[in-house]
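Student: Residue numbers (the working numbering), protein chains in the order written: chain W, 1 to 171; chain V, 1 to 321.
Some hints here could point you the wrong way.
[Unchecked claim] For lysine-lysine, the following DSSO-like pairs were computed, each having C-alpha atoms within a straight-line distance of at most 27 Å:
no., chain 1, residue 1, chain 2, residue 2
1, V, Lys45, W, Lys73
2, W, Lys80, V, Lys164
3, V, Lys269, W, Lys72
4, V, Lys165, W, Lys80
5, V, Lys75, W, Lys80
6, W, Lys80, V, Lys269
7, V, Lys269, V, Lys165
[Said to hold, decoys possible] Pulled from the structure, derived: some chain V residues nowhere near chain W, Cβ distances all over 12 Å:
no., residue
8, Ala24
9, His28
10, Asp31
11, Arg67
In short, the hints are calculated from the structure, not lab data.
Predicted model, so just to flag it, every value in this text is computed and none were measured.
From the three backbone atoms N, C-alpha and C, an ideal C-beta is built for every residue, glycine too.
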Amino acid sequence: MSPLNPSQLDAEALYATLLAAVKAGLAGISDVAIVGIHSGGAWLAERLAADLGLQDRLGVLDVSFYRDDYAKKGLPAEVKPTHIGFNVDAATILLVDDVLFTGRTTRAALNELFDYGRPARIMLAALVDRGGRQLPVAADFVAAHVAVQPGQALVLKRDGDGKFTLTIEHA
Amino acid sequence: MLNPQLNKHGELQHLLTTEGLPKAVINHILDTASSFVSISDREVKKVPLMRGKSVFNLFFENSTRTRTTFEIASKRLSADVINLNIQASSTSKGESLLDTIDNLSAMHADMFVVRHSQSGAPYLIAKHLMETGQHHVHVVNAGDGRHAHPTQGLLDMYTIRHYKKDFTNLRVAIVGDILHSRVARSDIHALTTLGVPEVRAIGPHTLLPGGLEQLGVRTFTNMDEGLKDVDVIIMLRLQNERMSGALLPSAGEYFKSYGLTPERLALAKPDAIVMHPGPMNRGVEIDSAVADGPQAVILPQVTFGIAVRMAVMSILAGTQG
Chain W
1 MSPLNPSQLD AEALYATLLA AVKAGLAGIS DVAIVGIHSG GAWLAERLAA
51 DLGLQDRLGV LDVSFYRDDY AKKGLPAEVK PTHIGFNVDA ATILLVDDVL
101 FTGRTTRAAL NELFDYGRPA RIMLAALVDR GGRQLPVAAD FVAAHVAVQP
151 GQALVLKRDG DGKFTLTIEH A
Chain V
1 MLNPQLNKHG ELQHLLTTEG LPKAVINHIL DTASSFVSIS DREVKKVPLM
51 RGKSVFNLFF ENSTRTRTTF EIASKRLSAD VINLNIQASS TSKGESLLDT
101 IDNLSAMHAD MFVVRHSQSG APYLIAKHLM ETGQHHVHVV NAGDGRHAHP
151 TQGLLDMYTI RHYKKDFTNL RVAIVGDILH SRVARSDIHA LTTLGVPEVR
201 AIGPHTLLPG GLEQLGVRTF TNMDEGLKDV DVIIMLRLQN ERMSGALLPS
251 AGEYFKSYGL TPERLALAKP DAIVMHPGPM NRGVEIDSAV ADGPQAVILP
301 QVTFGIAVRM AVMSILAGTQ G
């Protein structure tokens, strides 16, 4: 599929696409758990878990302690606690992020997950893929590929009713 | 003079004292610590933040507990820890403090955790590092003389926040040997910065230093009056080595007037928490029934202390000079 123009993005429609793909992809797999990467990925994971009936198999990761730019940037002003309330050993984990870009966040999340145990399998879902990979990372489920200018950031937001929007911000 | 703990961007460069530490910095440390608490419950109790960094524990004064918790915190951050037994090393051969520091810096130290019987020693080291352009090396004060013990102060704040949530409606009593206590000083500064409206100091005249009122602290020599309706009681260790001096009659006498018994604890609010920095002298400043009772949070303090030290070290190590 050809990359979308960011102004065409309807985050709610993209979520519906992602949910359908995930539902089909996870059919027949047992011991599934969902882990969202703070903060956008955690919102998506929360909603996916509700829609898939997996609320008791939901976790959230803040990868700040595993990032590779700590030596350059230090710790961020706000670090949220990671919470994995299920047994990671032998689980099939769906790792969820909002925007897949360089792959560095995914790398950090994988490292953190393995400090909780040895999953049977980890799959990656992202709402949008903006390309620009710096590591050999690919998503198993993605709702859209989007062309974003360098220096711009795609930001997922969630309003009071839980509805998603995607906006472009200058990084 | 500018706060020597902060760099020109207002970020934490060294941790020397809680005095003058901005509220935002304290909250950043406490918030970060809460993310470190759960790491100790995991299969792998480590994060890779300080991989490849070297932390030197320089304890010029003895301490098992503080040194151990710093060592555990460093190791859980994946740093390499070097414990120097200073009393048995070069200092006893006449090497000066700053020569010791320069030698260790030449071994590529990234952080010094310093305990010293002289107030101001960690400040002297931090100043020397800055003056010699070693902005990438950080200093953590692990207790200097009577001056400060900032990580103990911060872990006390973490503990209070954990149980009481909000600082702005609390009465906090600090009981015992305030005069010699760097813990009391660090607690008072941090409590005031975080907006605690009433801090009390309780102890005999001989152990209450002058100037507490100027810090906004109410002083009490009668413990029963001082404990009335408080939310938090911080007991201090009565230092046995001072017992023989003229400051106190005897340990037994002290316990009669200032020991925390169940009867005295009942004067505080029913949900008051009891804290102690350790090591405790049972039957001197605290009754076993209180120390082991449901209101004591003395062991959680130890657990939180590791997370708070991890937060301090990881924030410092991520700060550029």
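Student: Run every hint past the structure and note whether it holds.
Tutor: Each hint, compared with the structure:
no. : hint                 : result
1   : V:Lys45 to W:Lys73   : 24 Å, holds
2   : W:Lys80 to V:Lys164  : 20 Å, holds
3   : V:Lys269 to W:Lys72  : 48 Å, violated
4   : V:Lys165 to W:Lys80  : 17 Å, holds
5   : V:Lys75 to W:Lys80   : 21 Å, holds
6   : W:Lys80 to V:Lys269  : 32 Å, violated
7   : V:Lys269 to V:Lys165 : 16 Å, holds
8   : Ala24                : 9 Å, violated
9   : His28                : 6 Å, violated
10  : Asp31                : 7 Å, violated
11  : Arg67                : 24 Å, holds
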